[in-house]
Amino acid sequence: MAANETETPRTPDYELTQRSAEGDMKAFEELYQRHNRRVYSLCLRMTGNVTEAEDLAQEVFIQLFRKIGSFRGESAFTTWLHRLTVNQVLMHFRKRGVRLEQTTEDGEAPIQIVKGTENPNAMPVVDRIALDRAIVQLPPGYKMVFTLHDIEGHEHEEIARMLGCSVGTSKSQLHKARMKLRGLLRQQNKPK
Amino acid sequence: MNCEKYQDLLSDFIDGSLAPEDRNSVETHLNVCIVCSEARNDLGAIVGFCLEHRGEYDAVPNERALWLRINNMIEVDSASAPRTALPANAGSWVRLMNRSWQLSFPQLAAAVTVIIIVVSLFTIVGLRGFSFRGGSGVQSTNSVPPVGAVAVKERFRQQQQVIAYWNERVELNKARWNPQMRETFDKNVGVIDAAVNDSMRQLSQNPHDEVSEEILNAALNDKVELLKEFAAL
Amino acid sequence: MNFYLPTRNRVSSAALTALFLVFAIAGSAFAQQRVSRQYPAGKNVRIELKNLSGTITVETWQRDEIRITASMEAPAVHFNPRQTETGLVIDIVGDNRDRRDVGDANFKIQVPARSSVDLETRSGQISVSNIQGDLVRAHVWTSGDITLSGVNAARVFAQNTTGNIFFDGEFASGGTYEFKSGQGVITLRLPVNCGFRLVATSSAKKISMGDFWNPAMKLIGEGRRITGDVGDGRSSVTVTNYQGPIIFLRR
Chain A
1 MAANETETPR TPDYELTQRS AEGDMKAFEE LYQRHNRRVY SLCLRMTGNV TEAEDLAQEV
61 FIQLFRKIGS FRGESAFTTW LHRLTVNQVL MHFRKRGVRL EQTTEDGEAP IQIVKGTENP
121 NAMPVVDRIA LDRAIVQLPP GYKMVFTLHD IEGHEHEEIA RMLGCSVGTS KSQLHKARMK
181 LRGLLRQQNK PK
Chain B
1 MNCEKYQDLL SDFIDGSLAP EDRNSVETHL NVCIVCSEAR NDLGAIVGFC LEHRGEYDAV
61 PNERALWLRI NNMIEVDSAS APRTALPANA GSWVRLMNRS WQLSFPQLAA AVTVIIIVVS
121 LFTIVGLRGF SFRGGSGVQS TNSVPPVGAV AVKERFRQQQ QVIAYWNERV ELNKARWNPQ
181 MRETFDKNVG VIDAAVNDSM RQLSQNPHDE VSEEILNAAL NDKVELLKEF AAL
Chain C
1 MNFYLPTRNR VSSAALTALF LVFAIAGSAF AQQRVSRQYP AGKNVRIELK NLSGTITVET
61 WQRDEIRITA SMEAPAVHFN PRQTETGLVI DIVGDNRDRR DVGDANFKIQ VPARSSVDLE
121 TRSGQISVSN IQGDLVRAHV WTSGDITLSG VNAARVFAQN TTGNIFFDGE FASGGTYEFK
181 SGQGVITLRL PVNCGFRLVA TSSAKKISMG DFWNPAMKLI GEGRRITGDV GDGRSSVTVT
241 NYQGPIIFLR R
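Residue numbers (the working numbering), protein chains in the order written: chain A, 1 to 192; chain B, 1 to 233; chain C, 1 to 251.
Any given hint could turn out to be false.
What the hints assert, rightly or not - Every beta carbon over 12 Å from chain B, so not counted as near; a handful from chain C, in silico: (1) G42; (2) V192; (3) R251.
Said to hold, decoys possible - With beta-carbon atoms standing in for the labels, derived distance ranges: (4) C:Q38 with B:S78: 43 to 51 Å; (5) B:A164 with A:K26: 22 to 30 Å; (6) C:Y39 with B:N2: 39 to 47 Å.
What the hints assert, rightly or not - Only pairs whose alpha carbons sit at most 30 Å apart, straight line, appear in this in silico DSS-like list of lysine-lysine: (7) B:K187 with A:K26; (8) B:K174 with C:K50; (9) B:K153 with C:K50; (10) A:K67 with A:K26; (11) C:K43 with C:K108; (12) A:K171 with B:K228; (13) B:K228 with B:K174; (14) A:K95 with C:K218; (15) B:K187 with C:K43; (16) A:K95 with C:K108.
Everything labelled a hint here was simulated from the structure, so no lab data went into it.
Each residue gets a CB set at the ideal place from its N, CA and C atoms; glycine is no exception.
Next comes chain A alone, as it looks inside the complex (with noise of 0.2 Å):
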């Protein structure tokens, strides 16, 4: 995948947007192709729901539209595009009337029984479909913080900045958000 890029050399983004920025959709269109995976993806880890998920990415992308003229191009554009949607995903749940800093407490979501992939190659705690299975039963404050560190990649900074809390809360929800998947993918090993 690699050695294509460096065949193929593509239009920046920055350019991109620019272009967006002046109205032209095939530009934007391009911008759709190369980011709407990331941003479905982190939209579907947050809500668990595909069509919520779905949803919210078209907003994220006419979010993008109309904010576009404002990249300028100081980060890279896809930490501006992930902050955009990570605002876009915080709106959603402050509509739904879920607030992540009430979600810090223990028993906010009832640990249920994550089910066995029968993956032969899995790993013994871990594979792909049982966490994000467990991710799902997450609450929404743990959730994020995972989502945004262990998945994404941010630092704690970061992640702080974009939520609007203290790096040392970013740090506890983390942790209390693996202590938790951890509980959720070993039930999966018990014997029924």
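Position chains B and C against the provided structure of chain A, taking the given hints into account.
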């Protein structure tokens, strides 16, 4: 420190963000405590798995349909949105089109005169061109469908793609509904379809019929929204 | 042939029927879950309700409180009203997502008159009376009548696909009013002195303006659309009916 305290430090230990003395203390404890060591291994497996698979993303069930929805929404948006402040990097054409003009009376009179002269010139040239070509001009307009009709057909085609996508999603869920809900849904889709067909029939008779075009667009949008709503049921 | 049963058999048949009826009625009564909750409210609260199916009735009362009375067919329906900064949100659709058929949920909501209401259901009737707040929105995705009476709100939106829409109220100056149906009858009953800018479209070519007709109005598309101002034209009214009639009545 007891095991609970050590386990609280495990995430920082795995992420490498512990101070050296704490790190040594945790390491020593892990060497002798099977419970904490197991917890470290489990958390390490989760973190390691995420790291290994970073950059792998789920595909949107139908990328094309989602794009069409976004594209349609943006079109509707830009058609209805009031003109707002432009970004600093907006192109000159965009700036020109978004500009509002305040002219004094002499400026306005001069502008109107220039427009009249230019339009007259183009009209004369155009009329000459038309008389040279004779009847072929009429024939060409007959053979090419009107721009409006092409746009309507294209929009209809695009909307049909979106409808097909959501319809598929609805069909997957339909088995779960009670018979009454299925009947109600089908009946109401039928009502919207009738409005679509009626507008299409009117448009085939008169491609410039704005009322039919508006009803067609509204009915197609209503159908998409209805399908979307029921796709989640 | 003798159609009369022997007396003893007749008595026992009647007793069995009565017994059956008692059990049937009692059974259905037990199957219904009835919940009533009350919340403190300011004068300008906003109620949002998203239902799956069933009737929604909104009425006003003198108290600064919201009372929700819900009767649900299936006892296991999740019903979790959430208080927000501005009012109350009831999301039966979201609370019961991915669950199988949960049956009808019928709501009666009592609110202060200055409230805004935003109501949505997949099917079923919506009835709102005497609301004087900023917004009244009633959306039935499929079949169900919408009745808005004594409504005097700045923004009113009513939409269904099949079923009638009846509005009896007033249009506020500068307000926005939209009514849309697939094939029901849309009736707007208004005071004679009310003023609005109208765009009414009925593919069925059945628009009856009654006393609100004036010669300055435009008929477009062979009578499928009427546009024009009534009175001072200070509010905006859009009425669309794909296959049914639009009727204006003078109060």
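(request) If any of the earlier hints don't hold here, list their numbers in rising order. (result) The structure breaks hints 7, 9, 12, 14, 15; every other hint is satisfied.
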